[in-house]
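Based on the hints, put chain W in the right spot on chain G.
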Amino acid sequence: MSTPYAKLPAWADYGLIPLINLAVAFIVAGFVVLLVGENPFRAAAILVEGAFGRGQGIAFTLYYATTFIFTGLSVAVAVHCGLFNIGTEGQAYIAGLGVAVVCLTFDATLPWWLTFPLATLAAAAMGALWALLPAYLQAKRGSHIVITTIMFNFIAASIMVYLLVGMLKPVGSMAPQTRIFLEGAQLPKLNWVIELFGARVRSAPLNISFLLALLMAFLTWVLIWRTRLGYEIRTYGHSPKAARYAGISETRIIIITMMISGALGGMMALNPTMGDQHNVAIDFVSGAGFVGIAVALMGRSHPVGIVLAAILFGMLYQGGAELAFEMPAISRDMIVIIQGLVILFAGALEHMFRPSIQALFASFSPKSVGMAAAKGKGA
Amino acid sequence: MGQAAIELIGINKSFGAVHANRDINLEIPRGTIHGIVGENGAGKSTLMSILYGFYQADSGEIRVNGKPAAIKTSNDAIAAGIGMVHQHFMLVENFTVLENIILGAEGEALLKTSIAKARSELHRLEREYGLEVDPDAIIEELPVGIQQRVEILKALYRGAEILILDEPTGVLTPAEADHLFRILKQLKEQGKTVVLITHKLREIMAITDNVSVMRQGTMVATRETKKTTVEELAELMVGRRVLLRVEKGAANPGAVKLAVSNLTVRDQRGVTMVDDVSFDVRAGEIVGIAGVAGNGQSELIEAISGIRRALSGSVLLDGTPIDVTGTADPGELRDRGLAHVPEDRHHVGLVLAFEENENSILGYHDDERYRKGLLLDIDAIRNDAKSKIEGYDIRPPDCRLKTANFSGGNQQKIVLAREMEQDPGVLIVGQPTRGVDVGAIEFIHKRLIAMRDQGKAVLLISVELDEIRSLSDRILVMFAGRIVGERGPEASEGELGLLMAGVEQREAAE
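Order-wise, the sequence lines are chains G and W.
First residue of the first sequence: 1, per the working numbering; consecutive thereafter.
First residue of the second sequence: 1001, per the working numbering; consecutive thereafter.
Chain G extracted, bound-state conformation:
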């Protein structure tokens, strides 16, 4: 009675359902393409070809994915604690300040492999700090974290603009950005890895922070499922009352979780700055924090899912740019519509097809579903 639908085997739950959702999203997107008078099959081909067809495309896709892995993990950690961190955008943006300070200070004196960990720490610390205040207000004052983190996004944006047109800007420059970092703060590219497989990469921004992102995904998994802290985070996320009963401090768990979330979001700042542009420019985050929400949603807040979802969104970014170039009728805004459809079907409507798929599974193989046995045998 309490569970109206039977359980699905894991591969269907985590594999089949997202694939079906994705397929439906692309079919609906296909109709949109049809509406503007283009051939949806050719559009799909250009999109996939643009993202994965050549080494160059793959490198760009993975570069975007790096950014989304960080922001996706950031959102997901908070979600495990039942907190909706809308502030990853601002946390990443303000972390750029940490990166800028470290890089501008040490790029002439230290090699990249020393600047990188320092900048990572600085970015994580700034992101965590930016999450600390909303977390404190939530834990101690009950100010809703969604509201406060949104406000902190605006504050972060204003501070960064103020600094980038002021103190951080080189004298005489017209552009609201720092000076170009010297070699000591430029991250090595990973394009050679793709070239190992025989593909050619002319120039693409894929860099070593991709590996950091994968490492963080693994550490996040360890944190959530293999440590006491993660256990406490999940307990609080599922049931604050049970957490109270288990002697878990609400204040402590909210603040620590949000700081971890902010730190992961903050690390996103490394990729476009040290990895690609070699400066900190205005609006370098450009919405990646919000894409992180979709990535976490689609990846079911699991690091493996997040890496896959981040690659998917990287593909939409990269392939979408190619598509807008190849098909003039499809503007940049159309790509946003397609991304929106993916979020809609994979995230918001995640449960739309679930009941019918579950019914289908139940009718094929009642045993694999296993619910009847579980309930019927109850003492």
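It is possible that some hints are incorrect.
What the hints assert, rightly or not - With a straight-line Cα cutoff of 27 angstroms, these simulated DSS-like cross-link-like pairs (lysine-lysine) come out:
| hint | chain 1 | residue 1 | chain 2 | residue 2 |
| --- | --- | --- | --- | --- |
| 1 | W | K1185 | W | K1248 |
| 2 | W | K1248 | W | K1188 |
| 3 | W | K1386 | G | K241 |
| 4 | W | K1402 | G | K241 |
| 5 | W | K1386 | W | K1372 |
| 6 | W | K1402 | W | K1386 |
As the list claims (entries may be wrong) - To give an idea of the interface, some chain W residues facing chain G are shown, with a C-beta separation under 8 angstroms as derived from the structure:
| hint | residue |
| --- | --- |
| 7 | V1230 |
| 8 | G1326 |
| 9 | P1342 |
| 10 | V1351 |
| 11 | G1363 |
| 12 | L1375 |
| 13 | D1379 |
| 14 | K1386 |
Said to hold, decoys possible - With the Cβ distance kept under 10 angstroms, some of the chain G side facing chain W (calculated, not the full set):
| hint | residue |
| --- | --- |
| 15 | T105 |
| 16 | A108 |
| 17 | A242 |
Hints in this document: simulated from the structure, not taken from any laboratory.
Here the structure is a predicted model, which means the values were calculated and not measured.
Backbone N, C-alpha and C fix where the C-beta goes; we use that ideal spot for every residue, glycine too.
For chain W alone, coordinates are given in the frame of chain G:
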């Protein structure tokens, strides 16, 4: 009489692979009170939901008064003359009685005429069935017994000839329950048909004409109430003989383990829920606190176990104070040997989304045993869970299964195993058998007695008077936040019932 008010023929209903109702045939004669009993998950609620149009049967036929009825929504059910009183009332708390009664049957755009019509109709119903209610009272200001009456009136106002009541006495005092039964008998005399779903066999025996027993989705028997016994019904429900009353020897109380003095607790709204309460629990005894739900028992055990701040008073655990007004923390109390089986296992005692083994360390997750360096020792946790599953006969024996997929009784065993296996000095148990099936109740009661016999101090809180009476060595009765009396286990149900209703206190005050 003769003709059946309701006939169910070959009803089948599955949820995925769960066959919740299997070939159900049932005939309920008009003008009778018909009881339906069964364990949790036996399919009672599913069957009634089909009858009331919440679900649709996969196959089978429903006949009302001999005519086939297609009940697809609850409006169809109402049109067919079926009314339902839910276990959890469906009332708008800040509306008046009258407004609640016309809700969904307002009729016209302006309320004035329908309210006037409802008022006169309500007077008629009052006269006919003795259902007195002030039509202008606000629901949240009424006691639960009266709220339930409003639910019954709602159904009758809509012309119900057949009334289904789902576990109606769960929230009532014994006196309120008696009053409800008088109302139901009156309804029966007026020719209405009443279907009573309950797990309390005593009520079945007291009021029904016929009783049907469900087990694992099937209707196993229908009996004339006069010709059956409680023992037979229990056996039909469980499928084996069950002990309805635990056997226990005399208590052998030792030193005071838990001493509560002048404890006062207020809730979030500032209402005093526990008012200057003092009592002791000794090693080797079970102290039961009886009372109607909402009289401060929950707040009392929450304060003692460190979940809720007390306003004033003191609690000594093994002679050492617990800072109940300040920093008392459930984790710290656990370390000091105070285990707590909370009343609400779904939201407090367990995390339903967790695997079984994850729940078997809840609150003890800081323990050395479950640690390996910085990480949790997953193997140790799972092995530990497996041994508890074996020791407490938790089914299915799968420590990786999601906790939500266990039955109520097995979920409760998960909590009990976790708290009892820590070998605590003091065990606080809230509603140990709420929503638990008969077979598991027997097991849980035996375990609690065994804890007592090992010299533990057990504080038991339950709204089931039978449970309090059969387990406790001393019974305290709580009413309106105060302890209004202490009795031995031999106290009669009537005597305790009066105390629970606050009768004696009111007399003393006059």
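Quick rundown of the hints versus the structure:
1. W/K1185 - W/K1248: violated (38 angstroms)
2. W/K1248 - W/K1188: violated (41 angstroms)
3. W/K1386 - G/K241: The hint holds at about 26 angstroms.
4. W/K1402 - G/K241: Satisfied, since the Cα-Cα distance of roughly 19 angstroms is no more than 27 angstroms.
5. W/K1386 - W/K1372: With Cα atoms ~19 angstroms apart, W/K1386 and W/K1372 stay inside 27 angstroms; holds.
6. W/K1402 - W/K1386: holds (14 angstroms)
7. V1230: violated (20 angstroms)
8. G1326: violated (14 angstroms)
9. P1342: holds (6 angstroms)
10. V1351: The hint holds - W/V1351 has a Cβ within 8 angstroms of chain G, the shortest such distance being about 5 angstroms.
11. G1363: With a closest approach of 4 angstroms, the W/G1363 hint holds.
12. L1375: holds (5 angstroms)
13. D1379: Interface hint status for W/D1379: violated (12 angstroms vs cutoff 8 angstroms).
14. K1386: violated (17 angstroms)
15. T105: violated (33 angstroms)
16. A108: Constraint on G/A108 not satisfied, violated at 38 angstroms.
17. A242: It holds, given that the least Cβ distance between G/A242 and chain W is near 5 angstroms, below 10 angstroms.
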